[in-house]
Amino acid sequence: MLTAVLIFSALAIVFGIILGVAAQKFRVEGNPLADQIDELLPQTQCGQCGYPGCRPYAEAIARGEAPINQCPPGGEATIIALADLLGVEPLPLDPERGEEKEKAVAVIDENLCIGCTLCIQACPVDAILGAAKQMHTVIESECTGCELCLPPCPVDCISMKPIKPTPDTYKWPLPESASPSVMGRKIARRSAEPVGESKA
Amino acid sequence: MIKLYDFHGGIHLPGKKSLSNNTPIQQLACSKRLVLPLQMHIGEPARPEVGVGEHVGKGQRLARPDGFISAAIHAPTSGTVVAIESLPIPHPSGLSAPCIVIEADGEDRWEKPFEPWDDYQSHTPLEIRQRLRDAGVVGLGGAVFPTAAKLAVPPDRPIKTLILNGAECEPYITCDDRVMRERADQIIEGGRILLHASGAERCLIGVEDNKPEAIASLQAAIKAAEDTRFEVVAVPTRYPAGGERQLILTLTGIEIPRNRHATDYGLLCQNVATAASVYRAVVLGEPVISRVVTVTGEGINRPGNFEVRIGTPISDVIAAAGGYKSGVDRLLMGGPMMGFALADDTVPVVKATNCLLALHPQDREPEQPPMPCIRCGQCAEACPVNLLPQQLYWYSRAKDLDRTREYHIFDCIECGVCAAVCPAHIPLVQYFRFAKTEIWASERERLKANKARERHKFHQERIAREKAEREAMLAKKRAALAAKQTNQSQTGSDKSAIKDEIAAAMARVKARKAAAQTKKASEPAQVGSPTYTESEKP
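Those protein sequence lines, which keep their order, are chains A and P. Under the working numbering, read the first sequence as residues 14 to 213, first letter to last. Under the working numbering, read the second sequence as residues 840 to 1377, first letter to last.
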């Protein structure tokens, strides 16, 4: 009896020490789930989700404070990816946050620009080049299309230009026989009652 | 005779080659206006080096290769550059891309950019590679991969065998057949140059056994050249025997694994027409400014093969072949299996244009509405790359892109065999193309998102750094001020100090005024000839 108690106490102490050391040694810095979520977000940094950037939104989702359907630039594809990652139901995009738009980049009308630098300060990715009283211009390849530079412009000289497909970026369409939206099918597959007439 | 091996799957297709392979290659007259897309090859687009309005000679370089995998573009005739702009190109999307437009002056005057090298053996492989790069030589079988880049192999993996691909397995297409019949000597000579440039010891020419005339012609040319390194091998006619990996497997028994290249196994595969253009580039000093195009199909009045300048409008080529028959509803670039439908025929012939195929609805398999997949597995049996097309189909359809990658969608050569054997008439290749371009797009998005994340992080760091710097500066100033104050409070109250300073300054001003007045009073008469006091001297 006593031997058994001693053996198990000793084992408990040994394993306790091992676990304690392991917890210290292999401590994970930050929240790995937030990293994974951040990986799936489009990094537009537009703040339409109500958080100041993609990372804070990812952290809020990881803490369970924010729903996964608040990212209009990511749209359906991002929501499905997040749902897959987190093992939750995909939700339709929250219409209050905006709608999924065609990808676009900001373009400054250089004839109208007065060089006020307000857009430069608003750009979350430093994609606008210019200085006070000098003409500004958007570096197209770096622009995320967040539209944050539009409201501060005092002369409304910034517009959004949709990114046109080129032969290199051309995407083959899905054959017509397989058209119902993925969202519809995923929802239909996962929940007991199908949503709408998704199986066209 | 060498032992032949068998590749998995494949199908027998009606050849329909006799439509176009009975007449010799005809020279097509040069069109008035030629449109040359800057990207007619795999890799980076070429960089233009002529300006609008400039007069160019035939063969003059218009754009130079930009990057290692890229190819030069040359003027197909003499004339004037009238525009460099975005124009529709032959592409499944029907979209536009940057092109150089030349208006021919009708003189067709050569301005050869290179010396002809009759003695190519005295030039190093590197020089030959450089020549091929400058001459814009690319694979003319349809993949248009720059030949110079393909020849550049690491020295630790020498090329042992050169394979010239004359299989031409797709129905209707006969351009390689005609080139082999009529220009076998150029092919063999080009093959010898490629042997020299690659260091290979032997050359196998794979030709499907439905082209006996081509085989005979090549054998005669080898005999004439007295080169024992060459061997013509008739391979069984079975689509897609002309796929690079399929032909290599048939001829050598080596199955190239995914993510590896033929060159990793000491093999180099080139199309026969490419070999002929290698000969022309090296020995004659002629860049690639034309190619042989098959114009065929039941919808063409006089099918045949034409030597066409690159950039010629496709409508001119069709007109030379007698035009369309009535009722034609589809024009394909490429063969019926791997080609794509052109939206209109004003787009130019490019280096990849091996065939123009005009068809009536009745010439094709009737298009039947796709039915559900019954998982019969015929597609998997027919797939020449041992894929599971039905699994790929399900995952592509469900947009489950990760799964399509797990099932190796990028090994698919889009040969169309699976769709041809499918009893449910499912357009399988379309699904795979959809999934592939979707994956590429998401990859581009991911890279862009990563860049945006980096930049946003840097932006935040910059804002924080600037704030910290400003605060540090303010703190420093505040500290300096505080130090001054403590100093002054030690000597006396700062109010009295300021008062003292003001009083002293006022006293100085008063003294100066008084001095000026006395000066004026003492020297009133000498205004005309001013004198200067010691301190006032300029």
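These aren't lab readings, by the way, just hints derived from the structure by calculation. All figures in this text were calculated on a predicted structure; none of them were measured in a lab. Built from N, CA and C at the ideal position, the CB exists for glycine as well. Treat the hints loosely; a few may be bogus.
[Stated by the list, open to error] With a cut-off of at most 30 Å between alpha-carbon atoms, the simulated DSS-like pairs for lysine-lysine come out as follows:
(1) A:Lys-146 / P:Lys-1238
(2) P:Lys-871 / A:Lys-114
(3) P:Lys-1316 / A:Lys-177
(4) P:Lys-1275 / A:Lys-114
(5) P:Lys-1164 / A:Lys-116
(6) P:Lys-1290 / A:Lys-114
(7) A:Lys-38 / A:Lys-114
(8) A:Lys-177 / P:Lys-999
(9) P:Lys-1062 / A:Lys-116
(10) A:Lys-174 / P:Lys-1296
(11) P:Lys-1352 / A:Lys-177
(12) A:Lys-177 / P:Lys-856
(13) P:Lys-1238 / A:Lys-38
(14) A:Lys-146 / P:Lys-1275
(15) A:Lys-174 / P:Lys-1164
(16) P:Lys-1296 / A:Lys-116
(17) P:Lys-1290 / A:Lys-116
(18) A:Lys-184 / P:Lys-1287
(19) A:Lys-184 / P:Lys-951
(20) P:Lys-1062 / A:Lys-177
(21) P:Lys-1315 / A:Lys-116
(22) P:Lys-1238 / A:Lys-174
[Stated by the list, open to error] Quick list of the computed label-pair ranges, beta carbon to beta carbon:
(23) P:Arg-1099 / A:Leu-46: 54 to 62 Å
(24) P:Phe-907 / A:Lys-174: 28 to 36 Å
(25) A:Ala-144 / P:Thr-963: 34 to 42 Å
(26) P:Ala-1311 / A:Phe-21: 14 to 22 Å
(27) A:Lys-174 / P:Asn-1098: 35 to 43 Å
Structure-based check of all given hints:
no.: 1; hint: A:Lys-146 / P:Lys-1238; verdict: 49 Å, violated
no.: 2; hint: P:Lys-871 / A:Lys-114; verdict: 44 Å, violated
no.: 3; hint: P:Lys-1316 / A:Lys-177; verdict: 53 Å, violated
no.: 4; hint: P:Lys-1275 / A:Lys-114; verdict: 23 Å, holds
no.: 5; hint: P:Lys-1164 / A:Lys-116; verdict: 43 Å, violated
no.: 6; hint: P:Lys-1290 / A:Lys-114; verdict: 21 Å, holds
no.: 7; hint: A:Lys-38 / A:Lys-114; verdict: 46 Å, violated
no.: 8; hint: A:Lys-177 / P:Lys-999; verdict: 46 Å, violated
no.: 9; hint: P:Lys-1062 / A:Lys-116; verdict: 61 Å, violated
no.: 10; hint: A:Lys-174 / P:Lys-1296; verdict: 25 Å, holds
no.: 11; hint: P:Lys-1352 / A:Lys-177; verdict: 78 Å, violated
no.: 12; hint: A:Lys-177 / P:Lys-856; verdict: 40 Å, violated
no.: 13; hint: P:Lys-1238 / A:Lys-38; verdict: 41 Å, violated
no.: 14; hint: A:Lys-146 / P:Lys-1275; verdict: 47 Å, violated
no.: 15; hint: A:Lys-174 / P:Lys-1164; verdict: 44 Å, violated
no.: 16; hint: P:Lys-1296 / A:Lys-116; verdict: 22 Å, holds
no.: 17; hint: P:Lys-1290 / A:Lys-116; verdict: 16 Å, holds
no.: 18; hint: A:Lys-184 / P:Lys-1287; verdict: 17 Å, holds
no.: 19; hint: A:Lys-184 / P:Lys-951; verdict: 40 Å, violated
no.: 20; hint: P:Lys-1062 / A:Lys-177; verdict: 55 Å, violated
no.: 21; hint: P:Lys-1315 / A:Lys-116; verdict: 47 Å, violated
no.: 22; hint: P:Lys-1238 / A:Lys-174; verdict: 28 Å, holds
no.: 23; hint: P:Arg-1099 / A:Leu-46: 54 to 62 Å; verdict: 37 Å, violated
no.: 24; hint: P:Phe-907 / A:Lys-174: 28 to 36 Å; verdict: 32 Å, holds
no.: 25; hint: A:Ala-144 / P:Thr-963: 34 to 42 Å; verdict: 53 Å, violated
no.: 26; hint: P:Ala-1311 / A:Phe-21: 14 to 22 Å; verdict: 59 Å, violated
no.: 27; hint: A:Lys-174 / P:Asn-1098: 35 to 43 Å; verdict: 38 Å, holds
Of the numbered hints stated above, those contradicted by the structure are hints 1, 2, 3, 5, 7, 8, 9, 11, 12, 13, 14, 15, 19, 20, 21, 23, 25 and 26, listed in ascending order.
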